[in-house]
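Student: Everything in the sequence shown is counted per my numbering, starting at 296 for the first residue and increasing by one.
Hints may contain errors.
Now the in silico label distances, taken between C-beta atoms and shown as ranges [unchecked claim]:
#, residue 1, residue 2, range
1, A370, E340, 14 to 22 Å
2, Q504, I313, 55 to 63 Å
3, M461, F358, 33 to 41 Å
4, R462, K414, 24 to 32 Å
Read the hints as simulated data drawn from the structure, not as lab findings.
Quick caveat, the model's predicted, so the values are computed rather than measured.
Ideal Cβ placement from N, Cα and C applies to all residues, glycine included.
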Amino acid sequence: VTTALEENNSKKVSRIIILMNYFLDRFEGKINSPVGVEYQNHPVEISILLRPDSESRKAVLQFYSPLGHARRRLANLMHCSPVSFSFQYSGEKYDFCDDEVLLSSVMRYNPNGQLIVYKIRKTEEEELKEHPRFILANNQDYLDRLFSCLNHEDSAFIDDVWELLMRLPVNEKIEKSLKKLNLPDNPSKKDWTTVLDFSHRHKMLYSLQIVERVLSRTPGTVKESGKKWGDIRVWSTEFFSKGGVDLLLDIFLNESIDDIDKKLGKKFVA
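Please build the complete structure, drawing on both the sequences and the hints.
Tutor: Next up, the structure:
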């Protein structure tokens, strides 16, 4: 992304962003692998062994369909995520990166073999931290590069980048800074820059969306990104008493609509 930006190649960067969105969809099993009419004419019953449960099952799959299609069928059968298991057939292992491989090529030399399905057992926290969304959101270098893309002049390109950002979990560093409000009693605007980045309007908007999401919850103790914010009424009182609301009003009321539009774009102004 950075190299493409340095080359001022918005088309290349845009393509990278689209591919990143596509990768997330593929990882979460949201994209259907194309199954043509001819695939429907070759159903095969396959013996399946689930590991580590040692449970045997039978499943009817389309012989000429991609493994990704089989993966979703088996995920529905086992009531689990399409990326929570891997395959083994005739000694060869296949994970979600092999979803374009045809089942027919896997079974070519052993049509009566057994498909072994290995469940990947992880805690919810482990799954979250290994998910590409989490990695993108909490690697500060990656996130800063995405925010730098929002300075581009192409509004359609900015929309694609923003869409990707909105798919990611909340950045823990930004959330922690907002939650703690580590400010003096009478903070200056400079003090507030440790909490809200006024120099980058999109980044400030990102932070304010975290605040909005927390404030929209029922008053009392709330969680954001799985971590307690404590009593949100206490946090709101502190944000107000330290001049947070006045500062935001000052920023937006003293900028012309044209300037805001240039910095954020019509989609974000709305």
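Student: Determine for every hint whether it applies to the structure shown.
Tutor: Cross-check of the supplied hints:
1. A370 with E340: 14 to 22 Å: holds, 18 Å
2. Q504 with I313: 55 to 63 Å: For I313 against Q504, whose Cβ atoms are near 23 Å apart, the range 55 to 63 Å is violated.
3. M461 with F358: 33 to 41 Å: holds, 40 Å
4. R462 with K414: 24 to 32 Å: Between R462 and K414, where Cβ atoms are some 26 Å apart, the hint holds.
The structure fails hint 2 only (numbered hints given earlier).
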